[in-house]
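> Same order as they appear, the protein sequences are chains B and P.
The first sequence begins at 1 in full-length UniProt numbering and counts up one residue at a time.
The second sequence begins at 1 in full-length UniProt numbering and counts up one residue at a time.
Please note that a few of the clues may not be correct.
One copy or two, it doesn't matter: identical chains are merged, so the pair holds either way.
Claimed, not checked - Quick list of in silico lysine to any residue cross-link-like pairs, SDA-like style, CA-CA up to 20 Å:
#1 LYS506 x VAL325
#2 LYS46 x GLN539
#3 LYS178 x GLY28
#4 LYS317 x LEU587
#5 LYS466 x THR141
#6 LYS506 x ASP377
#7 LYS20 x ARG9
#8 LYS223 x PRO181
#9 LYS317 x LEU172
#10 LYS466 x GLY270
#11 LYS487 x ALA571
#12 LYS491 x ALA571
#13 LYS578 x ASP481
#14 LYS223 x VAL325
#15 LYS317 x GLY545
#16 LYS578 x LEU464
#17 LYS506 x GLN539
#18 LYS456 x ARG244
#19 LYS223 x LEU252
#20 LYS506 x ALA328
Think of the hints as simulated: they come from the structure by calculation, not from any bench.
Just so we're clear, the structure is a prediction, and the values are computed from it rather than from any experiment.
There are 2 protein chains.
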Amino acid sequence: MPSYTPPIRDLQFILHDVLKLSQSDLPGHDELDPGFTEAVLEAAGKLASEVLAPLNLPGDQQGCRLENGVVRTPDGFGAAFEQVKEGGWTSLDCDPDYGGQGMPYTMGVATGEMFVSANMAFNMYQGLTHGAYSAIHAHGTDAQKQTYLPKMVSCDWTGTMNLTEPHCGTDLGLLRTKAEPQDDGSYLITGQKIFISAGDHDMAENVIHLVLAKAPGGGAGTKGISLFIVPKMLVNEDGTLGARNGVSVGALEHKMGIHANATCVMNYDGARGWLLGDLHKGMRAMFTMMNEARIGVGLQGYACAVPAYQNALAYAKDRLQGRAVTGAANPSGPADPLIVHPDIRRSLMDQKSFLEGARALALWSAHLVDRSHLADDADADGLVSLMTPVIKGFLTDKGFETTVLAQQVLGGHGYVEEWGMSQFVRDARITMIYEGANGVQALDLVGRKLAQDGGKHVMAFFDLIKAFCKEQSGNAALAADILDPLKAASKDLQSAAMFFMERGMKSPNDALSGSYDFMHLFGHVTLGYVWARMAVASQAALEAGTADEAFHKTKLATARYYMARQLPMTATHLARIKSGAATVMELDAEAF
Amino acid sequence: MPSYTPPIRDLQFILHDVLKLSQSDLPGHDELDPGFTEAVLEAAGKLASEVLAPLNLPGDQQGCRLENGVVRTPDGFGAAFEQVKEGGWTSLDCDPDYGGQGMPYTMGVATGEMFVSANMAFNMYQGLTHGAYSAIHAHGTDAQKQTYLPKMVSCDWTGTMNLTEPHCGTDLGLLRTKAEPQDDGSYLITGQKIFISAGDHDMAENVIHLVLAKAPGGGAGTKGISLFIVPKMLVNEDGTLGARNGVSVGALEHKMGIHANATCVMNYDGARGWLLGDLHKGMRAMFTMMNEARIGVGLQGYACAVPAYQNALAYAKDRLQGRAVTGAANPSGPADPLIVHPDIRRSLMDQKSFLEGARALALWSAHLVDRSHLADDADADGLVSLMTPVIKGFLTDKGFETTVLAQQVLGGHGYVEEWGMSQFVRDARITMIYEGANGVQALDLVGRKLAQDGGKHVMAFFDLIKAFCKEQSGNAALAADILDPLKAASKDLQSAAMFFMERGMKSPNDALSGSYDFMHLFGHVTLGYVWARMAVASQAALEAGTADEAFHKTKLATARYYMARQLPMTATHLARIKSGAATVMELDAEAF
């Protein structure tokens, strides 16, 4: 069975050496000194590695079952969920007014990475609840907040998002679920929703569904959509649970992965629901959840590749096969460990350099989210909005690729389920699909975010890199290997953005044909940027005479790898983008 | 359930417009006129699409079971296997002296693609038999050939390859299975083999295992290895079946995919075996199987992505979601089909342009194999030997990627097993691993094939492209979009080969750190070359006033797509290669 080691040292490095968390001017951040965050991370890491990780492979093998309308989670999940709740992990970054601990989102992401790495399917029950919590917190009435939030913060009640229907996912304007207004101000919800993660299970007293539906008078398309709170068990005025609501599980999907998370067909048969936010403004309320969920899925994308890499690495050090081409490295043994072979190194370095870069990107973005909320910083908000599709699309594509690389290191054993590598690949695959398939992320980036507010946010992103490079202009030690490649990659990104601006208005297909490549080009530049920041931080630590020389030298070597071996992809993406729509759109549909 | 449409038109185009099969000077090829090959392909395609394809998803869901030591294949497999045998499909390109039909290997590959596309797990029972047939045909005594080949040509008996043991796969020098010589000239084989595809099943009277083992006196490492024929049921002198041999199935592996093929742990407990080929020269005999098997796996790599693409395409035409950015394409419907969206096109064109190029590469290579055998052409043999790791490594990596792209088109439905897209991904994944993991292919290419015979074969490959480009130097219509990109990509490949030659001797790690990128760079140039040849063929057909204008115009458009959108990858591969070993090998193993 795969093992999992929490990356505490690396998380601490990013939080303190790179982001300098406790020196931030944001409220409450002065308490987040290295000793405090380390204690939090250690506790989360212990729970993740000792309780959740051992349930991952068994959970995949057993899966969820639907028994007489009730979803049963795999053995051990219920007890583990209690431990997560008791440890206060569900309330970490929630509002203290509703029982939360009020830590910044950055800490939620840092601990969340470990929970996802340990057991992605398990962590989704809590993750979805957090999304629903955020939507109610942002859009609910005081009474709704008082009724639902304390129970959701503690995960005594869990939450879901209900968007997709059999005939529509991306294009929600087509949805058919109906909401009929009642005299008491509630609505009766009728329709079928599919692909509802954590739609039902046996670990909580109640499940609070947030459901998109059409109420009368809203008009066609997405304009007519409203968002409703539909609890599985109706809640009495005194907060106790009442009768069962008219919502039931129609079926469980049989999926490629995340077997231990219940993906439900949900049937609403005149279920009682209450409007959340404004009538006919459901899409806006839903996007509160969606943006958080998209960053969360980006986190999943790389986090579920972390143990894949760790176990590939352990195998590469352990498995004896062949001899190093430069002479035996293990002359007393029958063969050398796999890790001596350059192509195994190439694979491990591809994995390592992506994962550490992704971690830095996730935490930097989380820190920007905190800045946007705690300091009402509109620029930070704009930057997060711009980067959200990149975080979701790029980190999940590359995270999946990383699990495939890791699986490959084990050869035939990687293909056998008992070794657990296949599960990482199968689980990672969903992250490219849900919360908006990655093609939709690319469309969001190029079709909406790029030109948002007159292109202000993308200009701010370029300014950030320019300012950083200028600040480091005297840094001779990092110039050739780190800063020059970053500048070249950034130039490719600017060139692509310019191409879209020139072509986009008169020939939108030219821009959209390159949207996917642009998302990846953007992702590479972003990872190049955070790698350069990490290199500067490690250089500073070494110059200051750190006691942990090995860590920082490894960090610098890994930064150089990313620059030399990953950033050259930007040239190919740019070439693809600049070829425009000509070859993409030439054929008639019938010609395929 | 997914459907499958045999690509008869495209196969015919490659066989006749591109390879001009029946105009070849090879023996028997004058009979292979378009009418004849079409009849063969139609018959194979009918069997594949009507009998084998409908068993693919049920076979995945049911899998194989081990019951009291006997492997049971999924429902319907036995009856389908009889139909394949009765149709003569197992004997198509086998030696007429042993009941074969003596058709060229090219026809075996053309029909084989369809059988793999329809049901990869099913086709492996026959595919492994063909590999074992080839080894016995090449290295067996007359008596051995008479005993085994007729039954294997008909697939009354099937075959296996037994290489891997629990502690060794790639490094066969470590293997422990022992062969003790007996007075009657036979050997007693004792040991355990793992990952044995089609190791046992209920569709044939006998299974003929070819087993690598160490007989006394051979010395250490691979030099001491011999190859043995070990039948499951002993064969009497009169050819009838005798007693059960001392070989049994220890377990079935639970795998990510190819569930319907029995991957067995085989236990040899003093099983009686007979030497195949020379004592202590087992690796050579095994490589007869391995080379054929590697080309066969390359074929699997793209072939199992063909139905994935077909079903993604069907979904993209059928599923209504969103509107074309340039104006509604289906104004009377609630939304436009997915295929109007540029990013869906990008994905479909990536799939289509890879698959059609891969098909042309597979058939061209098969034609070279025929030339090497039927005309004893050493140059053709050298070219095939050079390209075998590229065909195996590149076509399986890209084939897998293609299944992932296809799955993505279906969004959430792609992740649900009932739709069948997940199976294509899970099945395709093994092709990157077995018959030598793709990293081993890259090592074979750069560490062995490139310098083989003084680099003669890679020079011959470059000469081929040069000659082609020279021949087309007056072809203005194809110059900018087809020929120039091919030349540029080929230059990148030459530059990489030059880098290896300069560095390889004094710093082998510099070459091996770039081996994987070189394999892909080579693959892109090879596909660029066959695409250019297809473009020339379609151009000629159009100029000659073909009745099938739409087909050839589509072919030209797809060629342009490959050149514009895939060939730019060569620059990135070259950049990675030229960065050498520095960043790849810098870290100590402990620093990871």
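> When the hints from earlier in the document are held up against this structure, which numbers fail?
2, 3, 5, 6, 10, 15, 16, 17, 18, 19
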